[in-house]
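Participant: Let's have the full structure, built from the sequences with the hints guiding it.
Line order of the protein sequences matches chains A and B.
Quick note: the first sequence, position 149, residue 149 per the UniProt record's numbering, numbers continuous.
Quick note: the second sequence, position 699, residue 699 per the UniProt record's numbering, numbers continuous.
The hints are simulated quantities; they were obtained by calculation from the structure and are not laboratory data.
Among these hints, one or two may not hold up.
Claimed, not checked - Listed next, the in silico DSSO-like pairs over lysine-lysine satisfying Cα-Cα at most 27 Å (straight line): (1) B:Lys276 with A:Lys123; (2) B:Lys153 with A:Lys106; (3) A:Lys123 with B:Lys436; (4) A:Lys135 with B:Lys91; (5) A:Lys135 with B:Lys436; (6) B:Lys153 with B:Lys174; (7) B:Lys364 with A:Lys135; (8) B:Lys745 with B:Lys804; (9) B:Lys101 with B:Lys91; (10) B:Lys364 with B:Lys91.
Treat the numbers as computed from the prediction; the structure is a model and nothing was measured.
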Amino acid sequence: MNVDLSRRGFLKLSGAGVAATSLGALGFGEAEAAEAAHVRAFKLTTTTETRNTCTYCSVACGIIIYSKGDVRDGNADIVHIEGDVDHPTNRGTLCPKGAALKSYVKSETRLTQPMLRAAGSSKFEPITWDAALDKIARAMKDDRDANFITHNDAGVPVNRWTTTGFLAASATTNETAWATTKVVKALGIAGFDNQARV
Amino acid sequence: MTNSWTDIKNTDLVIVMGGNAAEAHPCGFKWVTEAKAHRGARLIVVDPRFTRTASVADVYAPIRPGSDIAFLMGMIRWCIENDKVQWEYVKNFTNAALLVKDEYGWEDGLFVGYDAEKRDYDRSSWDYQIGEDGFARTDPTLQDPRCVWNLLKQHVSIYTPEMVERICGTPKDKFLKIAEMIGECSTPTKTMTSMYALGWTQHSKGSQNIRGMAMLQLILGNIGVRGGGMNALRGHSNIQGLTDIGLMSNLLPGYLNVPTEKETDFETYMSTRAFKPLQPNQTSYWQNYRKFMVSFMKSMWGDHATAENDWAYHYLTKLDVPNYDILRMFELMNSGKVNVYFCQGFNPLLAFPNRGKLTSALSKLKLLVTIDPLETETARFWENHGDFNNVDSAAIQTEVLQLPSTCFAEDEGSLTSSGRWIQWHWAGGTPPGEAKHDTWIMAQIFLRIRELYRTEGGVFPDPIVNLSWEYADEGEPSPEELAKEINGRALTPVMDATDPTKTLVEAGQQLLNFSQIRDDGSTTSGCWIYSGCWNEKGNNMALRDNNDPDSTGAYLGWSFAWPLNRRILYNRASADMAGKPWDPSRKLMEWNGEKWTGYDVPDIAPTSAPGTVMPFIMNAEGVSRLFSRGMLRDGPFPTHMEPFETPVPNVINPKIVGNPVARVFADDAAQFGTSEQFPHVATSYRLTEHFHYWTKNNAVNSVLQPQFFVEVSEQLGEEKGIKGGDWVRVWSNRGSVKAKAVVTKRLKPLTCDGKTVHVVGIPLHWGFIGAARKGFGPNSLTPFVGDANVETPEFKAFLVNIEKSTAPKEGPVA
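Facilitator: The following block contains the structure:
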């Protein structure tokens with residue numbers, strides 16, 4: 001039995017996760033056992049599959065995210081993303097962008113903490129979420145109180161705030177969109193747009 | 001999209017014009033190859049560049065960027081001249097027979113009512129003659145010279161194949177070959193589909209490009225049928241949803257309008273929204289506008305929106321200008337009139353035109369807040385990157401807060417595809433570091449501001465402190481709670497409109513769909529067109545039945561499509577006046593003597609007998625519009641207009657510059673370049689290996705396409721002494737970029753109005769952040785002007801010059 005054959009036979013018989021110590025029982029010699037010990041376990045065993053949608057264009061291809069750990073426990077680590085064969089539109093296929101989705105999720109330029117760039121500075125410095133959010137709320141309240149137009153010259157209530165603007169995204173969920181709409185429209189921000197404008 | 005991606009397999013002819021689906025939407029384009037392989041469908045590509053879509057086309061024709069209207073009007077003229085018209089459809093399902101006011105007219109490139117000073121039309125004559133019965137006057141025989149059909153014939157008469165060649169540079173023989181292929185689809189049993197994207201929208205007359213094709217599709221009888229339609233491919237995964245939910249300066253959810261300050265109270269606002277039918281027996285579904293509006297206000301402000309206070313009408317902003325769109329906001333910012341600006345998942349420093357102006361504008365803010373999963377150029381606009389971002393950090397006083405958000409993989413909720421399928425997804429990963437969901441971030445900002453107004457008081461706190469915010473965890477509304485709110489529920493029992501003793505929905509229950517929305521304050525619905533997405537049956541967006549009975553491509557059991565799970569809009573038009581399918585082999589809907597049945601959810605009241613209610617139920621006419629009345633600012637028919645920067649004057653009237661009613665700010669007008677200084681036409685485009693400015697953050701995609709380049713023809717290369725791999729400088733009247741040159745056969749010089757026109761192609765994927773090499777985007781060069789109706793910037797046609805050059809300097813930051 002050559003090594004290649006024994007590796008294939010091994011996988012076929014017992015799956016990839018079997019420890020080397022059980023090999024003797026299957027009748028492999030020591031050479032095969034040593035070789036088999038080098039075989040990487042199939043990386044998607046023991047992963048959780050999650051249905052998702054590609055984040056890029058609006059073809060909206062179905063994808064499956066494979067992760068180790070558990071989202072509910074805060075330790076789900078994505079190890080693989082592939083097309084969803086059940087999806088009617090893409091039937092499992094992905095394009096050169098979608099096929100590299102994991103590279104986006106794991107990008108070195110993903111942001112991991114709030115940062116502040118002070119006036120005139122040439123660098124970002126970390127800031128806590130609380131401090132950042134307090135700063136935003138204060139700046140918005142002050143600007144709104146100073147510049148909100150309650151009535152126009154004719155005395156008509158117009159409730160318009162044009163000195164603060166908000167650009168919404170293009171890939172957030174409808175639920176995020178609804179929460180954003182509620183907040184932005186309630187504040188009276190007139191300069192509100194999303195990527196569809198472009 | 002009127003149809004869906006999976007429906008494209010049903011077509012006989014695909015025309016890709018204003019898009020490049022094979023490269024920008026590869027998995028959707030698969031359905032084109034499916035139609036080619038299994039139906040014998042053919043593919044036409046009309047594009048300035050021989051794209052990969054063109055490489056598998058049956059016919060490819062080049063066209064000068066920004067000249068599409070002439071091509072499309074030429075095509076309509078050819079179809080009319082050659083009797084390639086689906087007559088039963090045109091006579092019954094379009095407004096061809098309706099009579100237009102005597103005052104309406106067109107001359108020398110302009111419609112009646114033009115005011116050069118205001119850059120606007122008085123559109124009052126662009127409308128129907130109304131009879132004594134209150135309905136539009138018609139001539140079903142199409143003999144009256146004032147009927148829409150005859151006015152259309154007259155309007156398109158100038159667009160001969162010779163004129164098309166003169167304006168577009170498209171060789172006459174190519175045009176005629178395409179015309180013959182398209183003309184075949186005027187029979188009831190052959191169908192064409194139109195696939196378009198930003199190649200049509202990013203022009204100062206983008207809306208009219210799209211109308212041009214929509215009109216052609218109506219003349220061919222291709223709207224509402226399987227394998228037909230107007231299919232906007234759409235760029236981002238939820239750009240459809242964000243627009244549906246109304247995240248625009250002039251919109252409220254479900255395509256309701258933000259009031260203007262002329263609409264001084266709710267009844268005045270409603271008075272122009274009665275949508276009284278313009279022909280007998282028509283549905284004119286927008287007559288329900290008040291229900292949708294009141295229920296939206298109830299979703300926003302709950303018990304604080306009452307009949308007595310006009311449903312809190314004055315909590316809403318009233319606009320003094322048509323739009324506070326992005327161009328206007330950056331113009332205001334650049335004038336020092338904006339203090340705080342948010343960018344949620346948006347990178348305007350690369351996405352908007354005239355980057356020099358953008359940098360100047362951002363530098364005048366007090367506070368910029370970015371919310372994004374990734375580093376963006378916008379968040380670092382103040383950082384010096386040599387030639388790639390040559391700014392003086394110390395001189396920029398803007399404070400910048402960069403907030404990390406989660407990405408799709410760590411988020412739960414729904415996204416709306418271009419085919420209007422609202423698909424639910426689940427989180428598969430834990431967010432990195434301290435990254436937070438956008439919902440959490442928005443809630444945290446809101447709660448803090450509300451607290452400040454509660455404790456300190458302030459200017460008009462009512463809409464803030466009274467905003468309905470009833471979530472299990474105020475600090476992070478769940479996707480389920482928000483989705484249910486979008487759908488809507490009964491606040492008090494909803495009774496059956498036909499039997500007031502019968503309760504349709506108990507108080508507290510989710511509405512079945514928008515048929516149960518009321519205008520008396522008894523219901524909420526955040527976005528009426530989405531109603532039905534999460535009713536008492538549960539989360540319909542999460543449905544995953546991929547059965548497709550008789551392989552029609554409808555997939556009614558997969559997710560939820562708005563409206564009402566309907567997959568093809570206007571689908572009643574798939575059957576003739578008697579209710580029989582135009583093409584029995586492609587049946588979609590059919591009248592069975594009692595009701596409409598078929599493979600889709602009928603787009604008409606199910607018991608409306610054929611011959612009475614017409615298929616275009618949203619329109620007051622009940623029919624579709626070849627003549628769009630005063631609904632678009634720049635004309636009831638599309639008319640040829642040049643881009644603001646053009647190599648040739650408008651041949652119809654050389655005095656007309658660009659779109660005569662597009663809004664142009666004074667400083668931007670001063671920056672338009674002329675063809676004497678900038679002789680070449682430039683256009684922007686995407687590559688198949690990259691997605692906008694996102695994938696340059698990925699190692700994989702950055703390896704596939706590492707470096708910014710511009711594409712020129714062999715002829716222009718020879719003229720300028722540029723070889724493939726040379727460094728070149730490309731500049732407009734607004735900026736300059738350096739790039740590697742790619743000299744190709746994919747671009748060829750065109751002859752327009754006797755002049756040789758070279759096109760320079762500029763892909764848009766590079767910046768100064770990420771894993772790819774530093775580069776520039778086309779927006780360093782493009783003009784700051786938008787479409788006259790929707791203000792989408794003119795990225796697809798502008799003027800540049802080009803010369804051989806040297807490498808750009810990297811600058812101090814690596």
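Participant: Confirm or reject each hint.
Facilitator: We went through each hint and held it up to the structure:
At roughly 60 Å between alpha-carbon atoms, Lys276 of chain B and Lys123 of chain A are farther apart than 27 Å, so this suggested pair is violated. At roughly 57 Å between alpha-carbon atoms, Lys153 of chain B and Lys106 of chain A are farther apart than 27 Å, so this suggested pair is violated. Distance restraint check for Lys123 of chain A and Lys436 of chain B: the Cα-Cα separation of roughly 23 Å lies within the 27 Å cut-off, and the hinted pair is therefore satisfied. Proposed proximity of Lys135 of chain A and Lys91 of chain B is contradicted: the alpha carbons are some 62 Å apart, above 27 Å.
Straight-line distance between C-alpha atoms of Lys135 of chain A and Lys436 of chain B comes to about 17 Å, which keeps the hinted pair within the 27 Å bound. Taken as a hint, the Lys153 of chain B and Lys174 of chain B pair is honoured in the structure, with Cα atoms around 23 Å apart against an allowance of 27 Å. A C-alpha spacing of about 19 Å is found between Lys364 of chain B and Lys135 of chain A, which places the hinted pair at or below 27 Å, so the restraint holds. For a cut-off of 27 Å, the pair hint linking Lys745 of chain B to Lys804 of chain B stands: about 19 Å separates their Cα positions.
Between Lys101 of chain B and Lys91 of chain B the alpha-carbon distance is near 19 Å, which keeps this suggested pair within the 27 Å criterion. This hinted pair does not check out: Lys364 of chain B and Lys91 of chain B have alpha carbons roughly 57 Å apart, beyond 27 Å.
The earlier numbered hints that this structure contradicts are 1, 2, 4 and 10.
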